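On the provided structure of chain H, position chain V as indicated by the hints.
These protein sequences, in sequence, are chains H and V.
Start counting the first sequence at 1; every next residue gets the next number (the numbering used here).
Start counting the second sequence at 1; every next residue gets the next number (the numbering used here).
Be aware that one or more of the hints could be misleading.
The calculated DSBU-like cross-link candidates involving lysine-lysine, where the alpha carbons are at most 35 Å apart (straight line), are [what the hints assert, rightly or not]:
1) H:LYS9 / H:LYS19
2) H:LYS53 / H:LYS38
3) H:LYS19 / V:LYS57
4) H:LYS9 / H:LYS41
5) V:LYS56 / H:LYS38
6) H:LYS22 / H:LYS38
7) V:LYS98 / H:LYS40
8) V:LYS36 / H:LYS53
9) V:LYS59 / H:LYS53
10) V:LYS98 / H:LYS53
11) H:LYS40 / V:LYS36
12) V:LYS36 / H:LYS19
13) H:LYS40 / H:LYS53
It is worth saying that the hints were derived from the structure and are not from the lab.
Bear in mind the structure is a predicted one, so any value in this text is a computation, not a measurement.
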Amino acid sequence: DTEVTQTPKHLVMGMTNKKSLKCEQHMGHRAMYWYKQKAKKPPELMFVYSYEKLSINESVPSRFSPECPNSSLLNLHLHALQPEDSALYLCASSTSGLQGLMNTEAFFGQGTRLTVV
Amino acid sequence: GQQVMQIPQYQHVQEGEDFTTYCNSSTTLSNIQWYKQRPGGHPVFLIQLVKSGEVKKQKRLTFQFGEAKKNSSLHITATQTTDVGTYFCAGPGFGNEKLTFGTGTRLTIIP
Numbered sequence: 001d002t003e004v005t006q007t008p009k010h011l012v013m014g015m016t017n018k019k020s021l022k023c024e025q026h027m028g029h030r031a032m033y034w035y036k037q038k039a040k041k042p043p044e045l046m047f048v049y050s051y052e053k054l055s056i057n058e059s060v061p062s063r064f065s066p067e068c069p070n071s072s073l074l075n076l077h078l079h080a081l082q083p084e085d086s087a088l089y090l091c092a093s094s095t096s097g098l099q100g101l102m103n104t105e106a107f108f109g110q111g112t113r114l115t116v117v
Numbered sequence: 001g002q003q004v005m006q007i008p009q010y011q012h013v014q015e016g017e018d019f020t021t022y023c024n025s026s027t028t029l030s031n032i033q034w035y036k037q038r039p040g041g042h043p044v045f046l047i048q049l050v051k052s053g054e055v056k057k058q059k060r061l062t063f064q065f066g067e068a069k070k071n072s073s074l075h076i077t078a079t080q081t082t083d084v085g086t087y088f089c090a091g092p093g094f095g096n097e098k099l100t101f102g103t104g105t106r107l108t109i110i111p
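Next up, chain H with everything else stripped away, as it sits in the complex (with noise of 0.2 Å):
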């Protein structure tokens, strides 16, 4: 199994709604990041999880909050976005985990195309 699986693939929400992204893959891979990327762009990191541990945040507003429950697992927690957080999110894992240093290939999800209103 070389997938990695986002649900859901699409989300609407409202500025005042909560909601979660998951990612799962079952290549037992120790790093998993979550990657925006806004039409016409490339994908932009925003947090890194190594041996579930997160191990980079870039910056992300708190309104965006990860977590790892297991080393298959990835969530994405949304609470309070603005219409400018619309975009696809992307996870991806990849085999090397040290530090979140990502020297072999990534595998990507299908991202999940979100929409803020």
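Below, chain V alone, put in the same frame as chain H:
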């Protein structure tokens, strides 16, 4: 911070023509990776280059890593409609844990 630029930003080619995208990093890279993202899709890993001056081929695709490990290129020979998409280079710098994506080159094919 580390910046990775790609040129051109857009490329429109007739089917059968060649295509090249260039990637330049502001810092030395420990390795360079290339990804392809189809319209409406997610990035898919193509290849990783590690050694200075390394050249790798995948069928019609040729990847190069510069001698100084600060630049790279992807060349596609005789493009096909299946090559449509955005090509990103991505690389962690030395001592840098983050994988930074280049600005991308969007390739469109005119049949």
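Results of checking the hints against the structure:
| no. | hint | result |
| --- | --- | --- |
| 1 | H:LYS9 / H:LYS19 | holds, 13 Å |
| 2 | H:LYS53 / H:LYS38 | holds, 27 Å |
| 3 | H:LYS19 / V:LYS57 | violated, 44 Å |
| 4 | H:LYS9 / H:LYS41 | holds, 19 Å |
| 5 | V:LYS56 / H:LYS38 | holds, 31 Å |
| 6 | H:LYS22 / H:LYS38 | holds, 19 Å |
| 7 | V:LYS98 / H:LYS40 | holds, 21 Å |
| 8 | V:LYS36 / H:LYS53 | holds, 29 Å |
| 9 | V:LYS59 / H:LYS53 | violated, 40 Å |
| 10 | V:LYS98 / H:LYS53 | holds, 15 Å |
| 11 | H:LYS40 / V:LYS36 | holds, 13 Å |
| 12 | V:LYS36 / H:LYS19 | holds, 30 Å |
| 13 | H:LYS40 / H:LYS53 | holds, 31 Å |
Going down the numbered hints, you'll see the structure goes against 3, 9, while the others check out.
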